[in-house]
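Enquirer: Each chain, letter by letter, is given below.
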Amino acid sequence: MKILVCISKAPDTTSKIAFTDNNSKFDENGVQFIVNPYDEWYALVRALEIKEAGGGNVTILNVGGADNDPIIRKALAIGADDAVRIESSTEDALSVAKQIAEYTKQNTFDMVFCGKETIDYNGSQVAGMVAELLNVPFVSLASKLSLSGNTATIEREIEGGVEVVEVTTPFVISAAKGMAEARIPNMRGIMAARTKPLTVLPAYSSQNATKVKAFTLPPAKSACKFVDASNVEELVSLLHNEAKAI
Amino acid sequence: MAEDRFQAPDYYNLDELLTEEHKLIRETVRAWVKKEVSPIIEEYAQKAQFPKQIIAGLAEVGGFGPYIPTEYGGPGLDQISYGLIMQELERCDSGVRSTSSVQSSLVMYPIWKYGNEEQRKKYLPKLATGEFIGCFGLTEPDHGSNPGGMITNFKDMGDHYLLNGAKMWITNAPIADIAVVWAKNEQGRIHGLIVERGMEGFTTPETHDKWSLRASVTGELVFDNVKVPKANLLPNKSGLGAPLGCLDSARYGIAWGAIGAAMDCYDSALRYSKERKQFGVPIASFQLTQKKLAEMITEITKAQLLTWRLGVLRNEGKATSAQISMAKRNNVDMALKIAREARQIHGAMGITGEYSIMRHMANLESVVTYEGTHDIHLLITGMDVTGLSAFKNDGTQF
Ligand SMILES: Cc1cc2nc3c(=O)[nH]c(=O)nc-3n(C[C@H](O)[C@H](O)[C@H](O)COP(=O)(O)OP(=O)(O)OC[C@H]3O[C@@H](n4cnc5c(N)ncnc54)[C@H](O)[C@@H]3O)c2cc1C
Numbered sequence: 001m002k003i004l005v006c007i008s009k010a011p012d013t014t015s016k017i018a019f020t021d022n023n024s025k026f027d028e029n030g031v032q033f034i035v036n037p038y039d040e041w042y043a044l045v046r047a048l049e050i051k052e053a054g055g056g057n058v059t060i061l062n063v064g065g066a067d068n069d070p071i072i073r074k075a076l077a078i079g080a081d082d083a084v085r086i087e088s089s090t091e092d093a094l095s096v097a098k099q100i101a102e103y104t105k106q107n108t109f110d111m112v113f114c115g116k117e118t119i120d121y122n123g124s125q126v127a128g129m130v131a132e133l134l135n136v137p138f139v140s141l142a143s144k145l146s147l148s149g150n151t152a153t154i155e156r157e158i159e160g161g162v163e164v165v166e167v168t169t170p171f172v173i174s175a176a177k178g179m180a181e182a183r184i185p186n187m188r189g190i191m192a193a194r195t196k197p198l199t200v201l202p203a204y205s206s207q208n209a210t211k212v213k214a215f216t217l218p219p220a221k222s223a224c225k226f227v228d229a230s231n232v233e234e235l236v237s238l239l240h241n242e243a244k245a246i
Numbered sequence: 247m248a249e250d251r252f253q254a255p256d257y258y259n260l261d262e263l264l265t266e267e268h269k270l271i272r273e274t275v276r277a278w279v280k281k282e283v284s285p286i287i288e289e290y291a292q293k294a295q296f297p298k299q300i301i302a303g304l305a306e307v308g309g310f311g312p313y314i315p316t317e318y319g320g321p322g323l324d325q326i327s328y329g330l331i332m333q334e335l336e337r338c339d340s341g342v343r344s345t346s347s348v349q350s351s352l353v354m355y356p357i358w359k360y361g362n363e364e365q366r367k368k369y370l371p372k373l374a375t376g377e378f379i380g381c382f383g384l385t386e387p388d389h390g391s392n393p394g395g396m397i398t399n400f401k402d403m404g405d406h407y408l409l410n411g412a413k414m415w416i417t418n419a420p421i422a423d424i425a426v427v428w429a430k431n432e433q434g435r436i437h438g439l440i441v442e443r444g445m446e447g448f449t450t451p452e453t454h455d456k457w458s459l460r461a462s463v464t465g466e467l468v469f470d471n472v473k474v475p476k477a478n479l480l481p482n483k484s485g486l487g488a489p490l491g492c493l494d495s496a497r498y499g500i501a502w503g504a505i506g507a508a509m510d511c512y513d514s515a516l517r518y519s520k521e522r523k524q525f526g527v528p529i530a531s532f533q534l535t536q537k538k539l540a541e542m543i544t545e546i547t548k549a550q551l552l553t554w555r556l557g558v559l560r561n562e563g564k565a566t567s568a569q570i571s572m573a574k575r576n577n578v579d580m581a582l583k584i585a586r587e588a589r590q591i592h593g594a595m596g597i598t599g600e601y602s603i604m605r606h607m608a609n610l611e612s613v614v615t616y617e618g619t620h621d622i623h624l625l626i627t628g629m630d631v632t633g634l635s636a637f638k639n640d641g642t643q644f
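From first to last, the protein sequence lines stand for chains A and B. Going by the numbering used here, 208 is the number at position 208 of the first sequence; the sequence numbering is gapless. To convert a position in the second sequence, counted from 1, into the numbering used here, add 246.
Think of the hints as simulated: they come from the structure by calculation, not from any bench. We put the beta carbon where it would ideally sit given N, CA and C, even for glycine. Errors might be hidden in some of the hints.
Claimed, not checked - Below are the EDC-like pairs computed for lysine to aspartate or glutamate, each with C-alpha atoms no more than 20 Å apart in a straight line:
no.	chain 1	residue 1	chain 2	residue 2
1	B	K280	A	D12
2	B	K281	A	E181
3	A	K16	B	E521
4	A	K211	A	E91
5	B	K372	B	E267
Claimed, not checked - Distance windows between CB atoms, simulated:
no.	chain 1	residue 1	chain 2	residue 2	range
6	A	N208	B	K269	27 to 35 Å
7	A	A209	B	Y258	54 to 62 Å
8	B	K372	A	E159	51 to 59 Å
9	A	T14	B	T547	51 to 59 Å
10	A	T14	B	G563	35 to 43 Å
11	B	T547	A	L217	40 to 48 Å
12	A	E52	B	Y258	52 to 60 Å
13	B	L551	A	N29	50 to 58 Å
As the list claims (entries may be wrong) - Looking from chain B toward chain A, a few residues come up when the C-beta cut is under 7 Å (computed):
no.	residue
14	Q253
15	A277
16	G308
17	P321
Chain A on its own, in the form it takes in the complex (with noise of 0.2 Å):
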């Protein structure tokens, strides 16, 4: 089998969050980046072990600057065989899907793995967008993933239930919570990566399709009022006029 993970940057978790041109960026100074987790921790972890069970080969591609190439090692020191990063800096969906569907055609895979979204635009575009532009099946959200062959049987976490998809390759997925469980690479596979090939390519032909305006943070938390427990009337005063919950 051979398969395609995308793996995007996202801002660690603990960052501080702020934009910058008349809050139209994200302001990326000294933000530590990581790779996004349901790319990282999901996506790649299981083409892994589709590939240890049964051969294959799992490329790591990423559409980005050269600042992006730390994550990529991180990918490969977790086990991918290679990587292609395309230079591009273009970042909306649409335009990061082109470039990716671009590469694939060029260069067949059976699978195609992205996670369910990024951590920090939570778009969920780019790997129906994908699909779609090869014109092969999708099945977004998957939590569990077996093979038999070439046919797939997947898992959907959806309302209330489990939603249960067979397909066969080729095809795309966004990967969720419950696909594999995350690794820590080890010094070996580190040491690896250093060698293992990382393949730049120029941007095939794309330009950004929405423009972001504006971003805004959600107003800060207020501290918590306290209200003593006999003092109902002033509880339900507060929730009716202050937090307007009632």
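Once you've looked at the hints, dock chain B with the ligand against the given chain A.
Expert: Just chain B with the ligand now, kept in the frame of chain A:
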């Protein structure tokens, strides 16, 4: 123990001095520690047991001989990577770092540097995977700061050596498969010998009731007419300089490790002081608390810079023993002071196993003593800058 919420301080953006691989190595060890060691360390320290189940993982994340070349089963990392691994291990517990330091710098290092090819091939790969655990016997009941006075000795019996004597305070001794033992030959010259568990007359009684490094095992090495094959003598270096060369490597790791312990105490104190309210406000808003926190981060930042520079010098093969002494002494003392101040900030909570502070503080009391005491390192710096030895009261050279 409460959940491990550690976040490393980097006040001077020192990460910019590290390579991406250094950072990946550090994050890897930190993630492994948080997943595998933090949840159990308090329990093992309370029980005074070494958590043997972490050995395989410790090997995987490079805890055993990080700088040992790949041909001998090590990962062949540089000295800064080694330092960062020690920092992350000691961030959790000095005992875990001790296990790793001893195996790496006091067992694998001498076999690699002073051993022959056969010895390297025989022992290093197994030590790198943790299949073998090693220990290092230098200190004796009557010879601590003055190891050159040791009385453990061996005689050449023609086809083997006969080893007699005893070592004390030996980390990993009770669980060790092999011991690198320093002993005098008939001419009084110090040599290293590899003693294996199972050799007749060799025992390793455990030292009980420690209040420090409780998650690391300590014991004695007793040699009662032990027949050691001649092939087990480390041929390539002898004299006191041989064990001291190992100590340089271990002390360098300790200088990094101590920063880890200090960071953990600072991080915990900073978080606690912002959450804990007294007199209606967080205790972090009091000037006296801020003084403690501000001084802690200042000292940590200074130690980070000192140690990073020492790492660069070691990578270039230029660090002197005296420079390593300065870093070990400064950083362990810094960590111990920070642990004590952080303990105060945590109030009564600081004495419980809910927080790592008291464990760090108690651990650091060993770290400030082993691998050359605080005062001995001061004398090394003193001798280095004056050219005069103050080790003996007669003013002779060391
Ligand atoms: C938990 C633990 C683990 C250890 N693990 C190992 C190990 O794996 N292998 C090993 O070989 N050893 C090990 N040690 C031993 C350690 O290295 C010694 O304890 C240390 O070298 C000090 O020796 P000592 O305890 O005999 O103290 P002493 O040398 O008796 O010193 C007592 C005090 O006298 C001071 N002093 C001594 N000489 C002078 C002087 N010339 N001038 C001024 N002050 C002086 C010292 O600074 C100290 O304060 C370990 C110790 C501990 C606590």
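Enquirer: Have a go at the G308/B hint: is there a Cβ in chain A nearer than 7 Å to its own Cβ?
Expert: Since the shortest Cβ distance to chain A is 4 Å, the answer is holds.
Enquirer: Quick check on Q253/B please, does its C-beta sit within 7 Å of some C-beta on chain A?
Expert: holds (6 Å)
Enquirer: Under the criterion that the straight-line Cα-Cα distance not exceed 20 Å, is the pair K281/B, E181/A satisfied?
Expert: holds (12 Å)
Enquirer: Can you let me know if the beta-carbon spacing of K372/B and E159/A is within 51 to 59 Å?
Expert: holds (54 Å)
Enquirer: Range first: 52 to 60 Å. Now tell me if the beta carbons of E52/A and Y258/B are that far apart.
Expert: Given about 42 Å between the Cβ atoms, the range is violated.
Enquirer: Falls inside 51 to 59 Å, the C-beta gap from T14/A to T547/B?
Expert: 20 Å Cβ-Cβ, so the 51 to 59 Å window is violated.
Enquirer: Given the hinted pair K280/B and D12/A, is their Cα-Cα distance within 20 Å?
Expert: holds (16 Å)
Enquirer: Please check whether P321/B passes as an interface residue: C-beta within 7 Å of a C-beta belonging to chain A.
Expert: holds (4 Å)
Enquirer: Hint validation: A277/B versus chain A, beta carbon distance must be below 7 Å. Holds or violated?
Expert: A277/B check passes; min Cβ-Cβ to chain A is 5 Å, inside 7 Å.
Enquirer: Kindly confirm whether 54 to 62 Å is satisfied by the beta carbon distance between A209/A and Y258/B.
Expert: violated (42 Å)
Enquirer: Just to be sure I understand the hint, the distance between the Cβ atoms of T547/B and L217/A should be within 40 to 48 Å; is that true here?
Expert: Given range 40 to 48 Å: violated, Cβ gap about 30 Å.
Enquirer: Next pair to validate is K211/A with E91/A; report whether the Cα-Cα distance is within 20 Å.
Expert: With a Cα-Cα distance of about 9 Å, the restraint between K211/A and E91/A holds, given a limit of 20 Å.
In summary, the numbered hints that this structure violates are 5, 7, 9, 11, 12, 13.
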